Amino acid sequence: MSILALDIGWGTTLAVKTLVVMLLIPLGALIFGYVFLFKMMAHMQSRLGPMESGGFHGWFQLVGDGIKFVQKEDIFPEKADRHVMALAPFIVMLSTFLVFLVVPAGPRIVVAPLDVGVFYALAVSSLSVIGVVMAGWASANKYALISALRATGQLIAYEVPLVLAVVGVVIQSGTMSLQGIVLAQRDGAIFGWDGIGHPFVLTQIVGFTLFIVAAQAELTQPPFDMPVAESEIVGGYMVEYSGFRFLLFFLAEFGTAFAFAALAATLFLGGWALPGVHGGAADAFGPVVVLVKVMFVAFLMFWARFTYPRMREDQLQALAWKWLIPIALVNILVTGALKVVF
Amino acid sequence: MVMREVKGMLSGLGVTLRTMFEPAVTVQYPHESEDPPIRARGVIALKEESCTVCMLCCRSCPDWCIYIEGHKEKRPPRREGGRERTAGILDRFDIDYALCMYCGICVEVCPFDALFWSPEFEYCATDIRSLLHDKNKLGDWMTKVPEPGPLESGAQVKGKK
Amino acid sequence: MTVTPPGFEVDPSLLRHLDGAQIGVELDNGDMVLSMGPQHPATHGTLRLVVRLDGERVVAADPVIGYMHRGYEKLTEFRTYPQVTTLVNRIDWLSSFANEVPFVHAAEKLMEVEAPPRAEYIRTALTELARVATFLLFLGEMGLQVGAITPTFYGFRDREYVLNLIEGATGGRFHPNFNRIGGLKDDLPWGWVAECRSAMRKVLDACDDFEDLVLGNPIFEKRTRSIGIIPAVIGASYGVSGSNLRASGVDWDLRRDGEPYLAYRDLDWKVWTHPDGDSFSRYWVRLQETRESARMVLQLVDGLPSGPIMAKVPRVIKVPPGEVWVSTENPLGEMGYYVVSKGSTGPFRVKIRSASFSNVSILPWLLKGCYVPDVISILASLYFILGDIDR
Amino acid sequence: MSDEQPEGARPTADGGEAGGAAGSGDGIEAAVAPSAPAPPALAEREAGLLSRLRADLGDGIVEDGNACGGLVVRVRPDMWRRAGETARDKLECDYLSFLSGIDWAPASAFCGEGRGDASTPQQPSEMDFGTAGSAGRFQVFARVASTGRHWGVTFKCDVDEEDPHAESWVPVYPGADWHERECWEMYGIVFDGHPALRHLYLPSGFEGHPLRKDFPLLAREVKPWPGLVDVEPMPEAAGAEGGGE
Numbered sequence: 028m029s030i031l032a033l034d035i036g037w038g039t040t041l042a043v044k045t046l047v048v049m050l051l052i053p054l055g056a057l058i059f060g061y062v063f064l065f066k067m068m069a070h071m072q073s074r075l076g077p078m079e080s081g082g083f084h085g086w087f088q089l090v091g092d093g094i095k096f097v098q099k100e101d102i103f104p105e106k107a108d109r110h111v112m113a114l115a116p117f118i119v120m121l122s123t124f125l126v127f128l129v130v131p132a133g134p135r136i137v138v139a140p141l142d143v144g145v146f147y148a149l150a151v152s153s154l155s156v157i158g159v160v161m162a163g164w165a166s167a168n169k170y171a172l173i174s175a176l177r178a179t180g181q182l183i184a185y186e187v188p189l190v191l192a193v194v195g196v197v198i199q200s201g202t203m204s205l206q207g208i209v210l211a212q213r214d215g216a217i218f219g220w221d222g223i224g225h226p227f228v229l230t231q232i233v234g235f236t237l238f239i240v241a242a243q244a245e246l247t248q249p250p251f252d253m254p255v256a257e258s259e260i261v262g263g264y265m266v267e268y269s270g271f272r273f274l275l276f277f278l279a280e281f282g283t284a285f286a287f288a289a290l291a292a293t294l295f296l297g298g299w300a301l302p303g304v305h306g307g308a309a310d311a312f313g314p315v316v317v318l319v320k321v322m323f324v325a326f327l328m329f330w331a332r333f334t335y336p337r338m339r340e341d342q343l344q345a346l347a348w349k350w351l352i353p354i355a356l357v358n359i360l361v362t363g364a365l366k367v368v369f
Numbered sequence: 002m003v004m005r006e007v008k009g010m011l012s013g014l015g016v017t018l019r020t021m022f023e024p025a026v027t028v029q030y031p032h033e034s035e036d037p038p039i040r041a042r043g044v045i046a047l048k049e050e051s052c053t054v055c056m057l058c059c060r061s062c063p064d065w066c067i068y069i070e071g072h073k074e075k076r077p078p079r080r081e082g083g084r085e086r087t088a089g090i091l092d093r094f095d096i097d098y099a100l101c102m103y104c105g106i107c108v109e110v111c112p113f114d115a116l117f118w119s120p121e122f123e124y125c126a127t128d129i130r131s132l133l134h135d136k137n138k139l140g141d142w143m144t145k146v147p148e149p150g151p152l153e154s155g156a157q158v159k160g161k162k
Numbered sequence: 010m011t012v013t014p015p016g017f018e019v020d021p022s023l024l025r026h027l028d029g030a031q032i033g034v035e036l037d038n039g040d041m042v043l044s045m046g047p048q049h050p051a052t053h054g055t056l057r058l059v060v061r062l063d064g065e066r067v068v069a070a071d072p073v074i075g076y077m078h079r080g081y082e083k084l085t086e087f088r089t090y091p092q093v094t095t096l097v098n099r100i101d102w103l104s105s106f107a108n109e110v111p112f113v114h115a116a117e118k119l120m121e122v123e124a125p126p127r128a129e130y131i132r133t134a135l136t137e138l139a140r141v142a143t144f145l146l147f148l149g150e151m152g153l154q155v156g157a158i159t160p161t162f163y164g165f166r167d168r169e170y171v172l173n174l175i176e177g178a179t180g181g182r183f184h185p186n187f188n189r190i191g192g193l194k195d196d197l198p199w200g201w202v203a204e205c206r207s208a209m210r211k212v213l214d215a216c217d218d219f220e221d222l223v224l225g226n227p228i229f230e231k232r233t234r235s236i237g238i239i240p241a242v243i244g245a246s247y248g249v250s251g252s253n254l255r256a257s258g259v260d261w262d263l264r265r266d267g268e269p270y271l272a273y274r275d276l277d278w279k280v281w282t283h284p285d286g287d288s289f290s291r292y293w294v295r296l297q298e299t300r301e302s303a304r305m306v307l308q309l310v311d312g313l314p315s316g317p318i319m320a321k322v323p324r325v326i327k328v329p330p331g332e333v334w335v336s337t338e339n340p341l342g343e344m345g346y347y348v349v350s351k352g353s354t355g356p357f358r359v360k361i362r363s364a365s366f367s368n369v370s371i372l373p374w375l376l377k378g379c380y381v382p383d384v385i386s387i388l389a390s391l392y393f394i395l396g397d398i399d400r
Numbered sequence: 005m006s007d008e009q010p011e012g013a014r015p016t017a018d019g020g021e022a023g024g025a026a027g028s029g030d031g032i033e034a035a036v037a038p039s040a041p042a043p044p045a046l047a048e049r050e051a052g053l054l055s056r057l058r059a060d061l062g063d064g065i066v067e068d069g070n071a072c073g074g075l076v077v078r079v080r081p082d083m084w085r086r087a088g089e090t091a092r093d094k095l096e097c098d099y100l101s102f103l104s105g106i107d108w109a110p111a112s113a114f115c116g117e118g119r120g121d122a123s124t125p126q127q128p129s130e131m132d133f134g135t136a137g138s139a140g141r142f143q144v145f146a147r148v149a150s151t152g153r154h155w156g157v158t159f160k161c162d163v164d165e166e167d168p169h170a171e172s173w174v175p176v177y178p179g180a181d182w183h184e185r186e187c188w189e190m191y192g193i194v195f196d197g198h199p200a201l202r203h204l205y206l207p208s209g210f211e212g213h214p215l216r217k218d219f220p221l222l223a224r225e226v227k228p229w230p231g232l233v234d235v236e237p238m239p240e241a242a243g244a245e246g247g248g249e
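As they're listed, the protein sequences go chains A, B, C and D.
Heads up, the first sequence stops at 369 in my numbering, and the numbers go up one at a time, no gaps.
Heads up, the second sequence stops at 162 in my numbering, and the numbers go up one at a time, no gaps.
Heads up, the third sequence stops at 400 in my numbering, and the numbers go up one at a time, no gaps.
Heads up, the fourth sequence stops at 249 in my numbering, and the numbers go up one at a time, no gaps.
Hints are not guaranteed to be accurate.
List of simulated lysine-lysine pairs, DSSO-like, C-alpha gap at most 30 Å [said to hold, decoys possible]:
id: 1; chain 1: B; residue 1: K48; chain 2: C; residue 2: K321
id: 2; chain 1: A; residue 1: K44; chain 2: A; residue 2: K95
id: 3; chain 1: B; residue 1: K75; chain 2: B; residue 2: K48
id: 4; chain 1: D; residue 1: K94; chain 2: B; residue 2: K136
id: 5; chain 1: B; residue 1: K8; chain 2: C; residue 2: K321
id: 6; chain 1: A; residue 1: K66; chain 2: B; residue 2: K8
id: 7; chain 1: C; residue 1: K279; chain 2: B; residue 2: K48
id: 8; chain 1: C; residue 1: K83; chain 2: B; residue 2: K136
id: 9; chain 1: B; residue 1: K138; chain 2: D; residue 2: K94
id: 10; chain 1: B; residue 1: K73; chain 2: D; residue 2: K94
id: 11; chain 1: A; residue 1: K169; chain 2: C; residue 2: K377
id: 12; chain 1: C; residue 1: K83; chain 2: D; residue 2: K227
id: 13; chain 1: B; residue 1: K75; chain 2: B; residue 2: K8
id: 14; chain 1: A; residue 1: K349; chain 2: B; residue 2: K8
id: 15; chain 1: B; residue 1: K145; chain 2: C; residue 2: K194
id: 16; chain 1: C; residue 1: K211; chain 2: A; residue 2: K66
In case anyone wonders, no lab produced these hints; they're calculated from the structure.
This structure is a prediction, so every number in the text was calculated from the model and none was measured.
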């Protein structure tokens, strides 16, 4: 077991890798939260966003919020089911951590280069539904209950298009391991011309849009934010949480956004691969490249989040079953046929 | 039909993107502040000399938030043969800004033009009791009372305050 | 004596929407009674909506109001006429100038006093500015209720220009207190007309932004088309008025059809109606009316006559005995005052007819059989102000 | 139901009542202004409405009046719902503007004096009635309008003081539900035929009917009037209440 070819024993590498991942999520969530939720949203609404805390452009705002939440009291309603309610945020957080294990950030920088990478990532990402339902049911609050039921319907309904959107990529790259997909995109060629490799977003544009739309629904972001629709059910399943557990939910929300953006960047935009960069340099620049691509994908998702109103439950289900899934199937058919022909 | 929907979705995105690159409208208050127009009703200033303690402002205030106490004093007659005049002297003139609704009836109803509006608004206080401004505090506000601005063309200029 | 509110005893004949649901069966099907409010983000203030749900469908809704009741009609009996105008513009605090106009007209009618033309023009301009300010807030805020966060900030930003205009002329942003019986307190400051023209152009651009961002958005259309349909006849019998009734196809606008008041007859403007009567058409009608009002203000400012702004009125106002009913077209609907005077310096009895009171009284009928998210979009589209309901 | 009483002693013909005590014309102190000239006769449109109403209700109309151009019709209490139906069907008044009550008792008889509070306007102390008069202290009045024809009528009907009852308009205009609940809560007038007469604005345990003239306005009872202090009267005004009283 080695990282960057330094073999430093099994135990320590595992510790280093888990430490890196444990650091990655809060950091990623903070950066996402600050850049998109504060600054970009503010400027889109012709205001400045936080400017005071931390001097230059209020960078300390989110960290300050985090500290505030940590020192707040953790309240459990009297009729609530304490243990289930206490455990829920950790389950939602768990699914975010597990997704990062397979996302490669360089030729050799990956926590676990699984061969069934994509399959594993999508399977694990659906764990958060359990956490949401636990939170909604256990907090003995009518609004939370409605929100939990809505969340189940929505998250399950959008697992299917999410997976189908990825199948096109798997067909084209021939492998399910994320590392393999990235390499396929770097070395591939579009009908012979391999100037910039073959980022699947060009040929899989339908798959990419489906993935973004389905990921938006997985993250319960507008236009699909019924479970946390503040004007209808006041904060949804998080309504009874406070203090550290609410912080966990918040971090989980942005961590998952970071994870899905990373997945989309890896599957469709070629992960850490840059057209002219090979060997050792790829290792050095890899993470930066991935971060830039993740930021771009996240920009698309948050852009939709700040523009669109939210749909109603039945419209949302209708969109998933009547539109997204048929389109995904057609996309797979076309990709398969072209794969056979070329 | 679908094209109209897609166009609708994209035009919405266009609006938010365009606004993102336009300058924000926020005025960062403590550092830079928007100065209120001349006529803004921020605080009421009292010119003590012209007040004759006639209690009209106190009577016509809907919120009953003006407290006045005065007494009578003898004044030498204006002409030497004339009889002595009695003039009202103000002991206490408080306006309780915790109750005041800034309607301006007192300023308008005062027959001796002793009350003026000033656009000054930075007099918030931590303790509600200190919102009861007494005579001299209202006197200090007199320095902040601006000259009434020129009127729009076509207005009939009257000597109104 | 506790009386079960109507709709909470199960009467299957009324619930025509719910043919499928297992309503009317004697066994207690465990409907959930959900209380939305009085602290609820969608209820514009302190309206409490007790809703009986079957799953997410509303079986019966009973609005509970009165949290904001200040007892205005009792207060007016202890106030003189100038004091009542400062009291009365706090009923619909978003368009506060427009509240004073009918009361001042009622007093002027009783005293047979005519405000000079310049005062009438400035009053019309400020009423239409109040309408633009209220509707801009609605256009933004309806987006928020249906889920889009961004339009709210556009609404507030553009409303700021209009409020600065009102503050420049009257001294107060929210409560101008500029109306006097017989005219206005003061004339416009220098440069107000030019500023007004530029502000109105910004408002017209803002309306186009709202058209693209909210009205054209298919999701918004899905969320509001054919939701909360008010047929014209039922709407009128409940006393629904203003844009809500015009959205149901009733071509009735007091500025044009009622007794001529202010300077509306000198302007050319159009009354907008929409046949459907659903939430979408209410939004659409208000968007067109904002544009119409902005154009009206431009016409008013161009044709502003010169002259005095205050008629000859005694210093202490005593209104001769008599009764009068004056109602005007406020942004929220028909607002009217039935003033009974007995010749004293204050009114004997003032019946305040506020628009939102009747607009909201249709909710129990309207909300039967719709989903919880629809309740929110219907509440937002009716656009009521709590001060207006509770008086 | 109060039977048909002969007109109140005071002639309440169309013209304004005769002025009360001669105006003492000082300060806020109340006086009834000299009686206004008789308001112009009803415009022909209102007169047309009145004739159509009279044709249908016949002697149900006790008296009609002109409130600055608006038509006011007082109907017998037992014809109240019938008047509503006539307005809705015959006069196409599909729009219910409002429905409320009036308490004609003189306000100064109950509260306001004795505390030297000169800022409250002093209403005349004897009981007289507005346009189209009234038989007793309480009255229910409503206004209906026609969205198509752009005209409107105000109806009034008397309500007995000891046992205030009135027919409910809910079957005629469903919108009257809330108006009647408010009127019951504020004046104590019970509406027969109303589906669920319960509190609208006031908390359920509230006793008393606030809008009645004998119900004190507590805000003005609790706080002493700040103008009570020993003070020099305004020079040119004839001594309103003189030096400190």
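Each hint, compared with the structure:
1. B:K48 to C:K321: holds, 28 Å
2. A:K44 to A:K95: Within the cut-off at roughly 29 Å; holds.
3. B:K75 to B:K48: holds, 21 Å
4. D:K94 to B:K136: violated, 66 Å
5. B:K8 to C:K321: The given pair, whose Cα atoms are some 59 Å apart, is violated under the 30 Å limit.
6. A:K66 to B:K8: Answer holds: K66 of chain A to K8 of chain B is near 27 Å, not above 30 Å.
7. C:K279 to B:K48: Distance ~51 Å between K279 of chain C and K48 of chain B Cα, so the pair is violated.
8. C:K83 to B:K136: Roughly 34 Å separates the two Cα atoms, so the pair is violated.
9. B:K138 to D:K94: Measuring from Cα to Cα gives roughly 66 Å; hence the hint is violated.
10. B:K73 to D:K94: At roughly 69 Å apart (the allowed maximum being 30 Å), K94 of chain D and K73 of chain B break the hint.
11. A:K169 to C:K377: holds, 20 Å
12. C:K83 to D:K227: holds, 17 Å
13. B:K75 to B:K8: Violated, because 84 Å separates the two Cα atoms, which is more than 30 Å.
14. A:K349 to B:K8: holds, 21 Å
15. B:K145 to C:K194: OK: K145 of chain B and K194 of chain C at ~22 Å, within 30 Å.
16. C:K211 to A:K66: holds, 25 Å
Violated hints, in rising order: 4, 5, 7, 8, 9, 10 and 13; the structure is consistent with all others.
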